[in-house]
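**Student:** Whenever a hint applies, use it, and build me the whole structure from the sequences.
Here our numbering is used: the first residue of the sequence shown is 856, the next is one more, and so on.
The hints are simulated quantities; they were obtained by calculation from the structure and are not laboratory data.
Computed from a predicted model, the values in this text were never measured in an experiment.
Keep in mind that the hints are not guaranteed to be accurate.
Unchecked claim - Label pairs and their calculated CB-CB ranges: (1) 865 with 892: 18 to 26 Å; (2) 920 with 874: 14 to 22 Å; (3) 904 with 924: 17 to 25 Å; (4) 869 with 925: 29 to 37 Å.
Unchecked claim - Calculated lysine-lysine pairs in the DSS-like style (CA-CA distance at most 30 Å, straight line): (5) 923 with 896; (6) 896 with 878; (7) 878 with 897; (8) 878 with 923; (9) 897 with 923.
Quick reminder that beta carbons are idealized off the backbone N, C-alpha and C, glycines included.
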Amino acid sequence: MTMAASRADTALHARGLFESRAKAREAIEAGLVTVDGRIVKKPSEPIAADAHIVAQAAYPWVSRGGVKLAHA
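**Tutor:** Structure (structure tokens):
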């Protein structure tokens with residue numbers, strides 16, 4: 856039986872892993888999301904409803920300014 860698949864960014868937001876699709880997209884583009892042990896490379900990539908997802912926030916700070924200051 857085939858499980859319905861949805862976009863990666865939509866699935867992450869729907870599961871409550873990120874507060875918005877934009878934040879989910881940032882994490883995907885940063886390479887911080889894996890599905891069944893495989894790195895998700897595009898926000899539009901389909902993810903099965905029963906997939907095991909591991910995700911980290913793209914930035915631990917409020918904005919990208921924190922990323923720049925962390926390397927200063």
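**Student:** Look at each hint and say if it fits the structure.
**Tutor:** Here is how each hint holds up against the structure:
no. : hint                     : verdict
1   : 865 with 892: 18 to 26 Å : holds, 21 Å
2   : 920 with 874: 14 to 22 Å : holds, 19 Å
3   : 904 with 924: 17 to 25 Å : violated, 39 Å
4   : 869 with 925: 29 to 37 Å : holds, 31 Å
5   : 923 with 896             : holds, 24 Å
6   : 896 with 878             : holds, 15 Å
7   : 878 with 897             : holds, 13 Å
8   : 878 with 923             : holds, 18 Å
9   : 897 with 923             : holds, 24 Å
Of the hints listed earlier, the one the structure fails to meet is number 3.
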